[in-house]
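Fit chain H to the known structure of chain W by using the hints.
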Amino acid sequence: MSSPQQPPRCAVLHSPAWPLIAAIVHNPQLYAPLQPLAVFDAQRVSCCSPAAWSEGVRLGQRRRQAQGACPHVVIVPHDPERDARLFEPVVRSVGTLVPLIDVATPGSLLLATRGPSRYVGGDDALAIRLIALATTGVNTLSESLDIEAVLSAGGGMGVGIADGRIAATLAARSAAHRGTPIVVPGGASATAEFLAPYAVKVLVSVAGCPPQLIDLLERLGLRQLGDIAALSPTHLVDRFGSIGLVLHRLASGTDDTPPATVPPPADLSITRVFDDPILQLDMLVFAAKSLTDELGTYFHERGQICTRMRIEADSEHGETSHRVWYRSQGMHSSMMLDRVRWQLDGWINGADPPSAGITMLRITPTEIRSDAGTQEGFWGGRSQADETAARAITRVIGFLGPQGVTVASWNGGRDPRQVYDMIPVADLGSTAAAGEQLLLRPQDDSSADLNLWPGSLPAPAPAVVFHEALSVAVMDQRGHSVSVSGRGLVSAPPATLTLKGANHEVVAWAGPWPVEERWWDERSRRVARFQLVVQVPDGQRAYLVEVFAGNWWLTAEYA
Amino acid sequence: MTVGVASSKPGSLSPQALSALLASQIPGAHLVMAHERLLPVHPVLAPLFGVSSDDPLPLGLVRGHTLACTGSAAMSSALAVLVAPTQSGSWAGVVGLPSVGVLAAADLGVALERTIFVSDPMGARNHREQRPDVAAVLSALVDGVDVLLLAQRLVTSLPLSLMRRVQTRVQTRGGILVVVGDPAPLSVDIRLNATTVEWQGVGTGHGHLQRRRVVLQLDGRRRARATEHEVWLPDARGQLSAVVQQSEKSAVAEQAGVVVPLRRTG
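Chains as they are written, first to last, in this note's numbering: chain W, 588 to 1146; chain H, 460 to 725.
One or more of the hints may lead you astray.
Said to hold, decoys possible - Within a straight-line C-alpha distance of at most 25 Å, the following computed DMTMM-like cross-link-like pairs (lysine to aspartate or glutamate) qualify:
hint, chain 1, residue 1, chain 2, residue 2
1, W, Lys788, W, Glu805
2, W, Lys876, W, Asp862
3, W, Lys876, W, Glu974
4, W, Lys1087, H, Asp579
5, W, Lys1087, W, Glu1109
6, W, Lys876, H, Asp602
7, W, Lys788, W, Asp628
8, W, Lys1087, H, Asp592
9, W, Lys876, H, Asp641
10, W, Lys876, W, Asp973
11, W, Lys876, W, Glu899
12, W, Lys788, W, Asp689
13, W, Lys1087, H, Glu657
Keep in mind that the hints were calculated from the coordinates and are not lab data.
Computed from a predicted model, the values in this text were never measured in an experiment.
Bound-form chain W, shown alone (with noise of 0.2 Å):
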């Protein structure tokens, strides 16, 4: 077997919370940079600021632990369409110094350096001189904002330079946090060592190796990659098979293709002109989707997945955008069309519109991949029951909207209201594990999570929750309406409820149960709950009401 060749020198700039960025340079009244804040992505935390961070917020954890961390962490919006429009002028800035440049996701690109270093006199200067037109970028965005602050609340920009696409991102990864660029030697020794002490769940991001592989290396001990470089290759391939090369390769940095990668065909490109030059976003996607989908159809029926690929568009005055798009774990057809979106929005929108309508719109797959099945969609492991669901649940998106169809996340809490918390399928569809990412009820930690929320109710629990509480009076026997004092004592036990001008004989009571909740903030609640069984003339019906400032509502019923 020939010897692998040394992968390309390549430098990535990174930003790791361009989300953060992207927020405040778009609405600046909103969010301040030196605020804690955090996006939410599939009911956890995708990013925060470096404020939010040191108050104890941190990555994955889910809205209720972050906001526990730290009460006041603002939260930002996620919306891909925003970051993806927002990064266009980085892009564009860097793009003055090189034309070739792939954008793996808003807030990172990668470039070959060969040339541009030369131009620029050695890696070191290209480094620094793409960090000045990354800012330059983020400058023409808004010129009244402090860029400086602005950038450090997303994290910094970092740039890394080494030997293939993996060391270098892991490179401008850390350069971020260093806050200075990291530039690798060339050479295979180097870049080996440079690798070394990374942890092997990087190769799930960067090389988008399956999630069970990397969780059994952890297990038989292999913690960092120099731990895999370190073993022979003949041993890996007895363990592993052929993946076990690949595993060697990407370790010792030899190799950066991601497993079984391989080249397309020469003609697969499809284009699509327009006799009728179109200015509109939604119709230009409109046209894009039957692209994508046509693409998606064609790598699916062979058991493929396309990596990178390149968007070009023509306006009828021969402007053009040009992007490639490159994603290590494989884009689907919807993926696609977001990128495409990305891309369009950016150009139509953006500080630098086309002149006149598009007329050609075409995609061209320049990487593929045999789809191994590294990651599993929403549904988990699919049967037909689940794709034809699947299909019935996209299409009711598309005549209600993405809010028309959600499900239940768990989420906790004391109030029946806030236990599930109700999101859209089309936040998760688009998301790439969100399948991992929809939080059910915690069955094997359930004693322990549940044990978080003193004063929740006791089982059953109410099968009708009212989203907006009813108003309704609860007297007791001489007609006064009873009331609750602050030490939790009941003036009089209640005898009547009236429910919509009708009233009902409360037969058995019990409460009151106060809630006092967010005690030291303006949103702070008091509340004394009570649970009523009154007779009504089919039997008997049991009522949740709490009492408000003085005021009776229903809240839920356990119908």
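Then chain H, alone, in the frame of chain W:
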């Protein structure tokens, strides 16, 4: 195609004999009787259905049927119907019921990972501020999920002809339609009436709601007889369980033991 079964009256044959007879008359046909296309039911609800294949009552929920859940425990009994199908891999859609208690559903055993909650299509507005096509939404859902739970308010506010079309589609597709509440004037195949007998566990100012004794009554068109069954819905863990008559006294005694009346002190 006419099949000559004149030799004996079909009604006098057992289902197996009828099926065998028909199969012998129609070469190559794989015969599935309507009552064999079933969705599973919760084991505690099983006594409401047939006990053996000879029984004239079907052994589970017949696909294509419309079920109305009525009575004071309508929502709980509708959720109890969802339990077995969702656990065995079917999907459920809940439409126009924003007030459904998700925690209660989870406690009963509804597989939430296969349950979608759809906002009321009558009240929704899409991004062009138009009212979406309710018929299209419902038919998309019927095509996609096995059990569709609809609010009574939604069913009665839609034109009767549209709901009949939805019912026909459910029959073709082989799902079931569950309406929470009485969907009159829409006619239903089966009716599950849940009447609360009593709530236990709460006194006058002490205890908390623990369990509810409910009488479930199943009746409908083309059913030989109405069936009745007494269950705890929910029981002390929020689940569905059968009422065991013998241990009645001990249960009450046990319950009396745990209730600690609160007294005003100090």
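Structure-based check of all given hints:
For the suggested pair lysine 788(W) and glutamate 805(W), the alpha carbons sit about 9 Å apart, so the restraint of at most 25 Å is met. Restraint check: the Cα-Cα separation between lysine 876(W) and aspartate 862(W) comes to about 18 Å, which is no more than 25 Å; the hinted pair holds. At roughly 20 Å between alpha-carbon atoms, lysine 876(W) and glutamate 974(W) fall within 25 Å of each other, so this suggested pair holds. Between lysine 1087(W) and aspartate 579(H) the alpha-carbon distance is near 23 Å, which keeps this suggested pair within the 25 Å criterion.
Taken as a hint, the lysine 1087(W) and glutamate 1109(W) pair is broken in the structure, with Cα atoms around 32 Å apart against an allowance of 25 Å. Only pairs whose Cα atoms come within 25 Å are accepted, and lysine 876(W) paired with aspartate 602(H) is accepted, the gap being roughly 23 Å. Among the hinted pairs, lysine 788(W) with aspartate 628(W) is consistent with the structure: their alpha-carbon atoms are about 21 Å apart, no more than 25 Å. At roughly 33 Å between alpha-carbon atoms, lysine 1087(W) and aspartate 592(H) are farther apart than 25 Å, so this suggested pair is violated.
Of the pairs offered as hints, the one joining lysine 876(W) and aspartate 641(H) is violated, with about 43 Å between alpha carbons and a cut-off of 25 Å exceeded. A C-alpha spacing of about 23 Å is found between lysine 876(W) and aspartate 973(W), which places the hinted pair at or below 25 Å, so the restraint holds. Restraint check for lysine 876(W) and glutamate 899(W): the C-alpha separation of about 15 Å stays at or below 25 Å, so the hint holds. Straight-line distance between C-alpha atoms of lysine 788(W) and aspartate 689(W) comes to about 23 Å, which keeps the hinted pair within the 25 Å bound.
About 23 Å separates the Cα atoms of lysine 1087(W) and glutamate 657(H), which keeps this hinted pair within 25 Å; it holds.
Hints 5, 8 and 9 from the earlier list are contradicted by this structure; the remaining hints agree with it.
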